[in-house]
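Novice: All chains, full assembly: derive it from the sequences and hints.
From first to last, the protein sequence lines are chains A and B.
Each residue of the first sequence is one higher than the one before, starting from 1 at the first, in the UniProt record's numbering.
Each residue of the second sequence is one higher than the one before, starting from 1 at the first, in the UniProt record's numbering.
In short, the hints are calculated from the structure, not lab data.
Certain hints may be false.
[As the list claims (entries may be wrong)] Heads up, incomplete: computed chain A residues facing chain B, CB under 10 Å, no partners named:
| hint | residue |
| --- | --- |
| 1 | L57 |
| 2 | L190 |
| 3 | V197 |
| 4 | A316 |
| 5 | S317 |
| 6 | S318 |
| 7 | R327 |
| 8 | V334 |
| 9 | V338 |
| 10 | L347 |
| 11 | V348 |
| 12 | T349 |
| 13 | G368 |
| 14 | D371 |
The C-beta atom is built at its ideal place from N, Cα and C for all residues, glycine as well.
Number of protein chains: 2
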Amino acid sequence: MTGTEAPLDRFYSVIPAGGIGSRLWPLSRADAPKFLHDLTGSGKSLVRSTWERLVPLSGPDRIMVVMGRAHRAAVEAVIPELADHNVVLESEPKDSSAAIGLAAAILEHREPGVIVGSFAADHVIGQERRFRRAVAEAVAAADAGYIATVGITPTEPAIGFGYISCTEPMPLDGAPSALGVGAFVEKPDLETAERYVRGGDHLWNAGMFISRADVLLEQMAKSKPELVAGLRELAEAWDSPRRGAVVDAVWPRLEKIAIDYSVAEPAAAEGKLTVIPGDFDWDDVGDFASIAKLHSGGRKSDLAILGENARVLADASSGVVVSQSGRLISLIGVQDIVVVDTPDALLVTTSANAQRVKAVVDALKISGRSDVL
Amino acid sequence: MTGTEAPLDRFYSVIPAGGIGSRLWPLSRADAPKFLHDLTGSGKSLVRSTWERLVPLSGPDRIMVVMGRAHRAAVEAVIPELADHNVVLESEPKDSSAAIGLAAAILEHREPGVIVGSFAADHVIGQERRFRRAVAEAVAAADAGYIATVGITPTEPAIGFGYISCTEPMPLDGAPSALGVGAFVEKPDLETAERYVRGGDHLWNAGMFISRADVLLEQMAKSKPELVAGLRELAEAWDSPRRGAVVDAVWPRLEKIAIDYSVAEPAAAEGKLTVIPGDFDWDDVGDFASIAKLHSGGRKSDLAILGENARVLADASSGVVVSQSGRLISLIGVQDIVVVDTPDALLVTTSANAQRVKAVVDALKISGRSDVL
Chain A
1 MTGTEAPLDR FYSVIPAGGI GSRLWPLSRA DAPKFLHDLT GSGKSLVRST WERLVPLSGP
61 DRIMVVMGRA HRAAVEAVIP ELADHNVVLE SEPKDSSAAI GLAAAILEHR EPGVIVGSFA
121 ADHVIGQERR FRRAVAEAVA AADAGYIATV GITPTEPAIG FGYISCTEPM PLDGAPSALG
181 VGAFVEKPDL ETAERYVRGG DHLWNAGMFI SRADVLLEQM AKSKPELVAG LRELAEAWDS
241 PRRGAVVDAV WPRLEKIAID YSVAEPAAAE GKLTVIPGDF DWDDVGDFAS IAKLHSGGRK
301 SDLAILGENA RVLADASSGV VVSQSGRLIS LIGVQDIVVV DTPDALLVTT SANAQRVKAV
361 VDALKISGRS DVL
Chain B
1 MTGTEAPLDR FYSVIPAGGI GSRLWPLSRA DAPKFLHDLT GSGKSLVRST WERLVPLSGP
61 DRIMVVMGRA HRAAVEAVIP ELADHNVVLE SEPKDSSAAI GLAAAILEHR EPGVIVGSFA
121 ADHVIGQERR FRRAVAEAVA AADAGYIATV GITPTEPAIG FGYISCTEPM PLDGAPSALG
181 VGAFVEKPDL ETAERYVRGG DHLWNAGMFI SRADVLLEQM AKSKPELVAG LRELAEAWDS
241 PRRGAVVDAV WPRLEKIAID YSVAEPAAAE GKLTVIPGDF DWDDVGDFAS IAKLHSGGRK
301 SDLAILGENA RVLADASSGV VVSQSGRLIS LIGVQDIVVV DTPDALLVTT SANAQRVKAV
361 VDALKISGRS DVL
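Specialist: Here it is as C-alpha cells:
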C-alpha cells in the first residue's frame, strides 16, 4: 500500500476551522470565531499561526482548510497563499467527522495513498521543532497503516482536556517513540487528573489525527457507514460541475459527530491507534483562564493585556484584559480578573469562573439576544 | 437684629453645585459632575432632588445655585424653575468659602437680615420631613445670632465623613435640640470612628451651614478679611452693569479655602456654633461603595444596577454596575464588584477599593489623558 516516495512527501495537512469558542465570548463570536483572533500577542491570528506551523511539514500547496462559508473572506485575508483547491466550504457546521472526513475523501480521490493529518485551527503550540518531529513520526506510523495521534505530555493536572491512556511502546520504522493506546478518556475530575499526571502514562488529547486517508475513511465507515458513503459521494463530485448540486443534496443529511467518537475511540479499542508523545508546549486556549496563563507564564501576579490599541491603567490587579473597544480600561485592586471589552458587550469574571462563560452564551441564545453572539 | 417676620420667611437656600466627584470617575466628569447624575435610581439628578427638598423650606424663588459657567445649561435643564436672579456663575472654581460667601454677600446686599443655609448639590437625603424639621430649628438658631449646622446621627463608624463633637444642650427659642459644638474633626480612622459612635456625642458633618448672612460674613472676615472684602465688592456690583468687570478683576484673586476652615472651625472655637442633630438618612455618595450600599439597603449579596438602558446579565455576582454605554454587561462570579461602563472609559474595581478611584483620576491627569476626565 505504501507509495514509492518518502511518507512526508505524501503528507497533506488539514485544518478544520470550525467552532466559535463560546467560552471566549464576547471576544469570539459567530462572525469572529476564536481561530481568527490573536490570543498570544504574536500579531497573528491562531489560524495563521497554525498555517505557518504546517508549511514546513507539508508545504503551502498541501494544506487544506475546511471552514464555514461565512469565514472564507476572513481566512483568505490572513492566509493569502491559500489556493482555491485547498478551500473546503461547509454550508452548515457538521462537526469534525464530516469536516475531516470530507477533506480526506477529496484528497484520497485526487491522490490515492495520501496521508492526511488534521490540526485544529485554534490551538497554541510552542517549540515547533519538537512539534514537527512528533508529526513526522506520526506520518511514518500512518504510512505503516496506523491511525496515529500526537499526545501531549501533561505539565499539570488539567481538568479542561481529554486524556489518552498509553500502553506499551510499539516502535515503528520512522516512529521510534510510538506507544499503544488503551483508551481515550473525557475531561477528568481533579483527583483523576492528578492520578494521571503522577502515573505518567496519560497524555493530553490535542485532537491531532494522522493517517492514510483510506485508512481513516475505512475506520469511520465501520461505525458510521452512511456518513462515509455521503462523504465519498461528495468527494467524487467535488472537482466536477456537479459539486454544488451534490453538496446541496448530501451535506445537510450528514450526521454530526466528533471524530473522537467515530474514529479514535473505536480504533483504540481495535488496537489500530498509536500515539506519539509530544513534549512541546500546547494549549487549546479554551477559556480566558487559559489565556491568562499563557501570557503570565504561570505567574499569578501578572496582568495580561490583549488588544492592538489597548489603553489599560491597572493598580494592584492581575488576570487578563482583552480590549477591542479602544476605551480606557482602569482596574483597581482586582485579582485574577477577566475583563473582555468589545464594542457591544462587556464581560467581567474571574479566572476561576472562566469555564462558566459558555453558560452565559447559552442564556443569551435562549433569551434571544443573539445580536451579541 | 431680628426682623419682624418669622425666621423661615427670611430664609434663603444656597446650593453650591461644585466639585466633580473624582471618586465617582468615570461616571462623574468635568463636564458631567456628580450632581448632574441620578445615583439613587429615582429618575432625578442629585441637584434636582436637592432643589425639590429645599422648595418646601424657602420656596422656589428663594433658592440660589452657585455653579461653574460650564454647567449652567445642564442645571437649568433639570431645574427650569431656576430664576436668573438665583443663578451665580463662577468663572473658575474657588472652593466653598467663596461660593457660599458670595451668595451670602449678594443676598445680604439685596435683603439685609436674610438668613442663608447652604446645602451640597450632590448629597442624598431620606426622611425629608425630619430634614426639614432640623433645618427649621437651625434657622431659628441662626435668627438668634448663631452659625448653625445640622449634624447627622451616625448609623455606623464611617471613616469617609468628618465628625462634629457636641458639648452641652443649649436649647434656643425654636431650636430645642440645639447642642454646643466642641470641634470639627477630619475623617477619622476606624478605631476612632468606632469610639465616636459608641460615645454618642459625635455627629456626621454634612456640610450644612445656616446663619444670618451678615453673621457668616463677619465670622469669615475674622480669618479671611481679604476674601470677604472681595466678596462684598462683588456683591455691591452684582446687580449693576459693573458686574462683569468686577468679576473679572476680583474673582481670580480670591483665596481658595473650604468654609469648614474659614468659618466653621473658628466659630466652633469661639462658641458661636450650634448643631442641630438630624436623625434622617443622609449620604454624601462619595464613592461607588456608597452607591452600592444605598441600593442594596446593606445586603451584601445584591447587585445594584444604575443606568437608563442598562442591559446586565449577572450570575452569582454582587456589587454595583453603572451602565452608560448601552452595551450588554455580563458578570460571572464576581463579588462586591464595581463596574462603571461609559462610552470612552471603563472602571473595574471592588467596593473595598472604591476610595482609590481618585488616585487613578490623579494618575490620568498627570499622564495627560484628560480626554476621559
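Novice: Work down the list of hints and note, for each, if the structure agrees.
Specialist: A quick look at each hint next to the structure:
Checking L57(A) against chain B by beta carbon gives a least distance of about 39 Å; that is not within 10 Å, so the hint is violated. With a least beta-carbon distance of about 18 Å to chain B, the hint placing L190(A) at the interface is violated under the 10 Å criterion. Interface hint status for V197(A): violated, as the beta-carbon distance to the closest one in chain B is roughly 27 Å, over 10 Å. The restraint placing A316(A) at the interface with chain B holds, with a minimum CB-CB distance near 8 Å, inside the 10 Å limit.
Proximity of S317(A) to chain B holds as hinted, the smallest CB-CB distance being about 8 Å (cut-off 10 Å). For S318(A), the interface hint is violated, since its Cβ never comes within 10 Å of a Cβ in chain B; the closest pair sits about 12 Å apart. The criterion of a C-beta within 10 Å of any C-beta in chain B is met by R327(A), whose closest approach is roughly 5 Å, and the hint holds. The criterion of a C-beta within 10 Å of any C-beta in chain B is met by V334(A), whose closest approach is roughly 6 Å, and the hint holds.
A least Cβ separation of about 9 Å between V338(A) and chain B falls short of the 10 Å threshold, and the interface hint therefore holds. Nearest Cβ of chain B to the Cβ of L347(A): about 5 Å, under the 10 Å cut. The hint holds. Contact between V348(A) and chain B, as hinted, is supported at the beta carbon level, the nearest pair being about 5 Å apart and thus within 10 Å. The interface hint given for T349(A) is met, as the beta carbon of that residue sits about 4 Å from the closest beta carbon of chain B, less than 10 Å.
Annotation: G368(A) was flagged as interfacial toward chain B, and the flag is violated, the nearest CB pair being 12 Å apart, outside 10 Å. For D371(A), the suggested interface contact is upheld, since its CB lies about 9 Å from the closest CB of chain B, less than 10 Å.
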